[in-house]
Each structure stands twice: as C-alpha cells, then as structure tokens.
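Q: Below are the chains, spelled out letter by letter.
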Amino acid sequence: MFLDNLKNSIHHSLFVLLAFFGSLSSVGAYSAEKTISDIANGDDGSVRIIEPKKEVPVAESASIDTEQFELGLFGGFLAVEDFNTNPVVGVSFSYHITPAFLAQLNYGESEVDRATFEENAGSGFNFLSNDDRNFEYYNILAGYRVLRGRSFIGRNKKYNSDIYVLGGFGAVDFAGDTNVSIVLGTSYRVVLTDSLVANIDFRGHSVDRDFLNDDKRTFNTEFLFGLNWLF
Amino acid sequence: MENRLQHILLTAILIAGISVSAQAQVTDTSINQNAKVRSEFLEFGINVGILNLEDFPSEYTIGTNLTFRATEDFFLQVNYIQASDVDFSSAEKNQPDPFFTGSDRDFKHYNVLLGYNFFQGEFFTAGSKANLSTLHLITGVGETEFGGESSFTYILGFGYKVAFKRRYIANFDVRDYIYESSLIAEDNTTNNVHVSLGLSYLF
Amino acid sequence: MNKSLTAKKAQRFAVFVLANILATYSFAQNAPVDPASKGTDRSVNSGKSFLNLEVIDSYVEVRTGPGRGYPVFYVIEQGETVEVLKQRVGWYEVRAQNGKTGWATSSQLSRTLQATGEPADLPSVSFGDYQKNKWRVGFTTGEFFDGELKGADIFSGTLSYRFYGWLSLEGEVGKLFNSGIEGDFYNANILIEPFSHWRLSPELLLGGGTISLDSQPELAPLGIDDSDFTNYGLGLNYYVGRNFVIRGEYRWYSVSTDDDKATLESWKIGFNTFF
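Residue numbers (the numbering used here), protein chains in the order written: chain A, 1 to 231; chain B, 232 to 434; chain C, 435 to 709.
Excised from the complex, chain A in its bound form:
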C-alpha cells in the first residue's frame, strides 16, 4: 500500500518536474575563453608578443563548474504538528540541470517522541506502534537559484554561496498513514571546496493525516544542516 502510494506520488512528481523543466529550454552554452598567447600567436602567425615569465597567480575560489551531481548527508530537527520536535537525519541526491536549476531527491526519517497527551494516558497505553512513531519521508524537489553571491568569514575567508527556493512533492509515512506531501523550502548553500558544499535548509512538509479520527492537513517544519559531495 505504502509502496504503491509512493510510486504514484513519485510518478506524479516526475511528471510535474519534467513539465516544469521541459518548458525551460534554455541551457547555457559556454565557450572556452581565449588566452593572451592564443591571440598573440594568431592564425596568420605574424605578431608575436613575448609574455613575461612572472605570472600573477589567479586566486580562484571554489565553485560548482564542471560538477553536475551532489550526494549529501543531512541532520537537523523536525517539528511534527500536534507532536514535538525531534532530530532528523537523511540523504539527498541533487542534479544541477543548469547553473540556476537543480532537481533534488531526499529521504529522511525522524523518531517522534511520545506526545504529552500520550504520556498523560499512561505508559501502558500506546496511540502509535513503534513502527508508526517513525516519521519517514521521500520527496523530489525542484530548486531555483534566487541569489548567487559570496559569503565571508573574518578578513580572509571567502566562499561562493547561493540561496535556492525549493518546491516539490513526496510521500510522508507517519502514524500509520502514508500520504502525498507538498514540500516547500529554502536553501543557503556555501561552496567550501571544489567538491564539498555545505547547506542550511528549511523545508515545510504539508501533508494530510488521518489520526484519532481527525483527518486534516498538517504542516511540519524541518530545518537542517547538510554536507554534499560534488562529482
């Protein structure tokens, strides 16, 4: 049942994503820049400029240039509506479609503590089985780079950084109920090295839940810190 639901939602999400990105037919074309010596030794070879041996080293900060994929681990906190806030861990996989767009797959889980009303009911009585206490989610998100810039720490440290807005669909399995979720989020991403990106994210999971005969749309807030390996 859960798998079917998940498949459905992923199919659905994929379709939406394809439609979304299909409409964006612009893919940036990059041409290799000519160096001074290329120009100097022009096609006719008539001009020759002697370049000085001393070259000023070009300080380049780490950036996402040739890398297209990211594999990430994240940890943070998830606040579940009507329950409480607990640690969450997960993995993510991102694909940079263009410099401005990315697609991201996430899986995360969080063990939700007994809510205070459950504690009050006494230790013998369980509203949720141990399995159902696990808040487990999958989602596929589209990310748009709203801002591109740099972050500084102290006098000398400088990192390329971006702010993304994320949105998409997924599935949440919690309290014996699996439902399609709508996910919205933001991501502050800092390029630490050429192969490592740190991110601070917020994600809101809006999902229907039928629990204690109360069928309602819940909003669950997640904030997290992640490290991503670029390749």
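Be a bit skeptical, because a hint or two may be false.
[Stated by the list, open to error] Label pairs and their calculated CB-CB ranges: (1) SER63/A - ASP618/C: 53 to 59 Å; (2) LYS584/C - SER63/A: 52 to 58 Å; (3) PHE125/A - PRO329/B: 18 to 24 Å; (4) PHE299/B - VAL509/C: 29 to 35 Å; (5) LEU71/A - ASP316/B: 42 to 48 Å; (6) ASP215/A - ASP694/C: 35 to 41 Å.
If you are wondering where the hints come from, they were derived from the structure by calculation, not from laboratory data. Where a beta carbon is used, it is the ideal one built from N, C-alpha and C, also for glycine.
For chain A, the structure is supplied; the task is to place chains B and C on it using the hints.
A: Coordinates of chains B and C only, in the frame set by chain A:
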C-alpha cells in the same frame, strides 16, 4: 539545575559577544559635526511565518521587530509575534473538552535577542550590483503567553538577511522558542519552531 | 466544523506559498541601479552636498561592503578628496573623485583633512561620553537565587538618570516566571557608584518597590501575593566600548506580606547603553 546552566551559558554568550565586538570598536568614530552624513543603525521590520507549537497544531503568525546594529558583528533585536486562535489538536478534538478555549488560544510572544553575523556576504542581482547580506546566529530571552500561561522563554535560531534594495532588507528566520509549560503535563519543556519571512527598513 | 478547519488550513498554506513566490519575485526583479553606486553621473546628486575630506594617509581602502570580509576593490590615494555619504557602525560609505563608491573604515577616515585644512573632527564614542551622558537604558536577565521564589527566571528593563558622577536614580520594570507562578515587579533605586571613572566600577543600590504575583493554572495558593518590598544590592559595571556597559548585580529583598516578612535574593546580568 538545568535551568541555571542554560542561564549561565546564555549569559556567557551575551557577555562574550558584546565584549569582543565592543573591544574591536573602541577606535570607532563618528562624524557628528556635520549633519549631512546620515547614519544607518536601526531596522524596523514586519514578518509572517508559521509556528509549530509542541503538542498543538501549526499556526500562522504575524510579527514585528526593531533591530539595533550595535557593531559590525553583533546586533540587538526586540521582537513581538502573535498567532491568533490556534486550532485544536487531534488529541483535543478526541476528548469531551479542549484544554482551553477563547482568548487563551492566542499565542503571544516577545523577546530581546543578541545576534551574531556569522557570514557577511553579498549577492548579485543585476550584473555586478552587489546586495549586502548576512547569515546570523541568534539567542536571547523573552516571554510567551499561551493557554493562560506566561512562560520565561529562551530563544535559539539562525537566519539570513539580504538587502534587495539599499534600505529594504528581506529576512528569513528559523527560531526555536524553548519554555516550560504545564498545560498538559507538569513542567514539560517544549520546543516551538518558528519560521518567518520578513521585510525590514533600515534607517 | 472539520471541513471549515481544513479550508482554513488550505487557505493558510496558500498564503504561505504566495509569500514565497512574492519573495522570489522581488529578488528576481532586477533592482534598479542606484545612480550613486555607479557614480558616473555626479550631477544627479548636485542637489545634495556631502562632507568632503582630503586623504592624508598613504591610502584609504575601499570595500564593496561595510565589513572586514568584503573585498577591497579600490584604493583612494593620498591627496585625493572623498565625499562621505553614509555612516554605518565602524564604516563610512565614501565616493572617490572618479565616482567610485564603496566603504571605508572609520579609523582610516578619521585620518583625513577638512576643506579648511584642519584635521577631520571625528570625536570617538568613548568612556568619557559614557560618564558625561545623563540617560541610560538597560536590559537585564537573571534568576531568584534564594528564598521563596528560588529558581524563578527574571528579566527587566531599566532607565536611569545620572545626577553626579557617583549618583544616579534608576527605575526598573521586570517580570518573573516560575513553575506555576508569574509576576511583575516595579522598583526605584538610588545607585551609588563612587569610582565611576574606573572602567570596572562597583556600585551600591538601595530602594524599594512592589511585586505582584499570579498563579498560573493548576497551582496551590501562594505564600505571597501583591506586596511591597525594600531591597539593596551590590553591582559591577564594566565599560566594554562604544556605548555599552556590561552590568552584573546581586540583590537582597525584604518583602512585607500580610503577617510576615519574606526574604528573596537574586542575581542579574545585562547591559546598559547610552545615546
């Protein structure tokens, strides 16, 4: 005991913060003989957000704040936020009477916070035009009123600010309001996560 | 009932989505370029006249933003003049003769000359100002350390007026919170600070006020409720720079209740600032 530790920790952060920054600024000067130089130290802001109350549903909030830029690295901020008419939780709907009703279902909170700019930054919108930004960590104390209870509240959070025009600054904040509540069980420490999006004006 | 609640939720979610979109949109819009930042057309600002200073240091570094991390993109040389546009903490926004606009530290800018040839008059906010200033505003937080309210958290705001270097009057409004109790207190105190010219200076506090307590839900009757009190305390002020003073304090209270006297003790820490 735990309370005292929190207090001491918070205090240590506060003192360290102000000391370090102020030390670095001892040589700071201001041109005051000439009124033509306007200073920009204060920010007034408004925000909307979502608050995930522990043991209760999530609710929309509106808020307002005043920020004083004390130094390059630190700022002080006073906040007021409110969520009206918090919904009944599933557990409340399942019992004969809700825990409380009426105006007690309004959530009101104010606080005094100290923020530290972890990242100074700039973002580019058009060409090489740089929009100044910061990513900050923030902590402080305040008061929360909910369910007929007033609680001393610790605040921990992070956020970022981007000036998309010189004086207009977009704010994104995630904050945890931590307080003891006896609404459902005696002295239960609750974490209430607040996410907000705001706009502030620098003057 | 249920349906309307769901509708409410849906509506709220829609608002959230809208807020997100709006935020995105406002960023995606190319913000109009401030003519001052381009600086190519100085006549735009001809209506305003700015403070002009001549650089006497060998150079002044100009950064893209008011912070130590921002890159230096231009250097103003000795002998050039700069226009001072805006001030932020520790930084001035300046415009060079060629129109380049950026940020310079206030310490570098203090070593400049006015048009008259005199050194730029850049008095610093210093300890002297703190001593001269009459009004101070403060915020403290702490805890009741002993007595009936042991463990209660406190925060308060203060406003004080300094009559002489060693004598001030202070008003305090505060709140306290304990398990099952919340309360307000108001008090007025005389502050005696004999060595106020020291960076780290002790003070003695004497005064009194009113404390009113309320029980939170589910609580047994209290020993004290609305009561007057007298208090005395010892404090330490430490001037940390600019317009900030860190303040620590220990205080003893004597509260008169209907039939008895109760004692309380508290510690507090906070800051004072002056303008």
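Q: Could you run down the list of hints and mark each one as holding or not?
A: Results of checking the hints against the structure:
1. SER63/A - ASP618/C: 53 to 59 Å: 55 Å, holds
2. LYS584/C - SER63/A: 52 to 58 Å: 57 Å, holds
3. PHE125/A - PRO329/B: 18 to 24 Å: Check passed, 20 Å falls within 18 to 24 Å.
4. PHE299/B - VAL509/C: 29 to 35 Å: 32 Å Cβ-Cβ, so the 29 to 35 Å window holds.
5. LEU71/A - ASP316/B: 42 to 48 Å: 44 Å, holds
6. ASP215/A - ASP694/C: 35 to 41 Å: Once the Cβ atoms are compared, 57 Å apart, the range 35 to 41 Å for ASP694/C and ASP215/A is violated.
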